[in-house]
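Chain residues, written in single-letter form:
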Amino acid sequence: MPAFAIQTDRDQLVVDRLGAAFPEAVLAQEQFHDMRCFTVRKESLHDILRFLRDELDFNFLTTLCGMHYPATEGQEDLLGLVIHLHSFRNRHRIRLKANTPLKDPAFPTFTDLWPATNWMEREAFDFYGLTFTGHPNLKRILNMEDFPAFPMRKDYPLEDPTREDKNDSMFGR
Amino acid sequence: MSTGIAKPDFWQHDLVPPAEHKELNVLNLGPTHPATHGIFQNVLTMDGEYIQSAEQTIGYIHRAFEKIAERRPFYQITTLTDRMNYCSAPINNMGWHMTVEKLLRIETPKRVDYMRIIAMELARIADHIVCNAVIGVDTGALTGFTFIFQDREFIYEIFEEICGARLTTNMGRIGGFERNFNDIAWRKTKHFLDYFPKKLKEFENLLMRNRIFMDRCINCGPFPLDRALAYGFTGPNLRACGLDYDVRVMDPYCSYEDFDFKIPIGQNGDVYDRFMVRQKEMWESLRIIRQAVEKCEKMSDKTTFTAEVPEWVLPPKEEVYNEMEALIYHFKIVMGESDVPVGEVYHCVEGGNGELGVYLVSDGGRTPFRVHFRRPCFVYYQAFPEMVKGIMLSDAILSMSSMNVIAGELDA
Numbered sequence: 161m162p163a164f165a166i167q168t169d170r171d172q173l174v175v176d177r178l179g180a181a182f183p184e185a186v187l188a189q190e191q192f193h194d195m196r197c198f199t200v201r202k203e204s205l206h207d208i209l210r211f212l213r214d215e216l217d218f219n220f221l222t223t224l225c226g227m228h229y230p231a232t233e234g235q236e237d238l239l240g241l242v243i244h245l246h247s248f249r250n251r252h253r254i255r256l257k258a259n260t261p262l263k264d265p266a267f268p269t270f271t272d273l274w275p276a277t278n279w280m281e282r283e284a285f286d287f288y289g290l291t292f293t294g295h296p297n298l299k300r301i302l303n304m305e306d307f308p309a310f311p312m313r314k315d316y317p318l319e320d321p322t323r324e325d326k327n328d329s330m331f332g333r
Numbered sequence: 009m010s011t012g013i014a015k016p017d018f019w020q021h022d023l024v025p026p027a028e029h030k031e032l033n034v035l036n037l038g039p040t041h042p043a044t045h046g047i048f049q050n051v052l053t054m055d056g057e058y059i060q061s062a063e064q065t066i067g068y069i070h071r072a073f074e075k076i077a078e079r080r081p082f083y084q085i086t087t088l089t090d091r092m093n094y095c096s097a098p099i100n101n102m103g104w105h106m107t108v109e110k111l112l113r114i115e116t117p118k119r120v121d122y123m124r125i126i127a128m129e130l131a132r133i134a135d136h137i138v139c140n141a142v143i144g145v146d147t148g149a150l151t152g153f154t155f156i157f158q159d160r161e162f163i164y165e166i167f168e169e170i171c172g173a174r175l176t177t178n179m180g181r182i183g184g185f186e187r188n189f190n191d192i193a194w195r196k197t198k199h200f201l202d203y204f205p206k207k208l209k210e211f212e213n214l215l216m217r218n219r220i221f222m223d224r225c226i227n228c229g230p231f232p233l234d235r236a237l238a239y240g241f242t243g244p245n246l247r248a249c250g251l252d253y254d255v256r257v258m259d260p261y262c263s264y265e266d267f268d269f270k271i272p273i274g275q276n277g278d279v280y281d282r283f284m285v286r287q288k289e290m291w292e293s294l295r296i297i298r299q300a301v302e303k304c305e306k307m308s309d310k311t312t313f314t315a316e317v318p319e320w321v322l323p324p325k326e327e328v329y330n331e332m333e334a335l336i337y338h339f340k341i342v343m344g345e346s347d348v349p350v351g352e353v354y355h356c357v358e359g360g361n362g363e364l365g366v367y368l369v370s371d372g373g374r375t376p377f378r379v380h381f382r383r384p385c386f387v388y389y390q391a392f393p394e395m396v397k398g399i400m401l402s403d404a405i406l407s408m409s410s411m412n413v414i415a416g417e418l419d420a
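Chains A and B, in that order, are what the protein sequence lines are. Count along the first sequence from 1, add 160, and you get the number used in our numbering. Count along the second sequence from 1, add 8, and you get the number used in our numbering.
Hints in this document: simulated from the structure, not taken from any laboratory. Some hints could be false.
[Said to hold, decoys possible] Footprint (simulated), chain A over chain B, 3 or more residues, beta carbon under 8 angstroms:
(1) 40-47
(2) 61-71
(3) 75-86
(4) 100-114
(5) 141-151
(6) 185-198
(7) 289-296
Every residue gets a Cβ at the ideal spot worked out from N, C-alpha and C, and that includes glycine.
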């Protein structure tokens, strides 16, 4: 079973420092196997990332990707953002999550912190419809520009619904 | 009358016209241009031969892997990973399998790890052969390309013996391999270790200290380390900038900690450094393979090729036809009905181009809830405009091929 080295003391340090600096912002934290995951308030995500980068030495942003949690009972449609951070010096990785209602998909841009997020944000916009306020060039990246939907949302069918050249009876639709 | 050698008078003129006469051209490089080695479009604003700015369009071979993966059982996703970085498909396969193993908490035996390492390092050599040979082609030395591709072919023959396929290998299974390496695979691997160093040296002699090649590559498309980190560079491109970040050492997976190898680094991240880092990595990969083969030979156990996970490893056909348990497992595995825990994991391997990560979220169903692939090409290719700003078009072509941007990985 491959696993990252679990750095309990570093995890605890992040918990303490985040709790002290942003007492209201951390909504939940869980340990998923070998990585600590923090769910944070969307409004403070940008500040938290800046804090983690500058104060706690998380110098490298590994991934940023969108999520879609379809509506369940007692919960509306949510869009999410998942970010993996990596501190090279401490060999420490953490995961950050922030959710936002589908109706209000705006996040601040993180391109001022890491230019690497430029395309990752465009990808999240392209596939989930998340918008990033202040992004220098927020347009679709992998899909064509006039694509009519956000295809990674759970309500978008896998088979392209706009195609007319396929016979439904043969493809089980 | 002067008897000296006449100097051509164009040396007297500035190659770049003075600012007041500047006239910028817009040039479309791609989408299908033979020099870009793939389907990349770059809209370049040119000042004569010099690039002022570049804007990329990507997604020409986007195949919605992440969407498809949400509707497929785990084994059917392996074939998607083949088609990301198709130059080193086994690394992608293993990366995916190891992610799933992390989710399922499957412990693999040492012999499986070593066999995986053999496959992965062979794939890394094949990947680096392509990139370095193509750097040679773009500097005008086609010989190396035709010379060394024979050995890539030989690596594919080994893959053929291991798993039956060559390019898109679909190699391995969750918990190990589908079958043991056969004798031919071992013999061919050992033969490769015997003869390849000599050929690699010959290839190196052709380019490494070649004056034309050096003049062409040194200081071409350099990239400073701090910018490289900000842009999320990983793999040989980051190491060429001078930082020894390698997932194999930083977060050892698959028993890489049992091996003795070095991480080559460059200085200023130019084309020559990237070439040299890849070149040296091939030597290190050879060392790793040699050690892995030795370790496998020393083991008394010669038959283990998979972990003890009957829910995930297809039973042998003769058992499927004769025993009820085996038939049930076979059916469950093929239909993707084995139990999966709820959870989320991130796992990464050192791919040919850098940190190839998989973020896998499972809700306990037969398919993942979400799979996100961290494709190193996608992350670092966005630095291309900054890298080529102010350099010449022919150098930009070279910078691009030395970054080893693989369209399949870029577009997913």
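Hint by hint, here is what the structure shows:
Beta-carbon proximity to chain A at under 8 angstroms applies to 0 residues in the region 40-47 of chain B; the threshold of 3 is not reached and the given coverage is violated. Counting residues of the region 61-71 of chain B whose CB lies closer than 8 angstroms to any CB of chain A gives 3, which reaches the minimum of 3, so the coverage claim holds. Counting residues of the region 75-86 of chain B whose CB falls under 8 angstroms from any CB of chain A gives 4; the rule of at least 3 is met. By the rule of at least three residues with a Cβ nearer than 8 angstroms to a Cβ of chain A, the coverage given for the region 100-114 of chain B holds, with 6 such residues.
For the region 141-151 of chain B, the stated coverage by chain A is violated: 0 residues have a C-beta nearer than 8 angstroms to a C-beta of that chain, whereas at least 3 were required. Taking a C-beta to C-beta cut-off of 8 angstroms, the region 185-198 of chain B contributes 0 residues in contact with chain A, too few for the three needed, and the coverage statement is violated. Under a criterion of three residues with beta carbons nearer than 8 angstroms to beta carbons of chain A, the stated coverage of the region 289-296 of chain B fails, only 0 such residues being counted.
Consistency with the previously given hints fails for numbers 1, 5, 6 and 7, ordered from lowest to highest.
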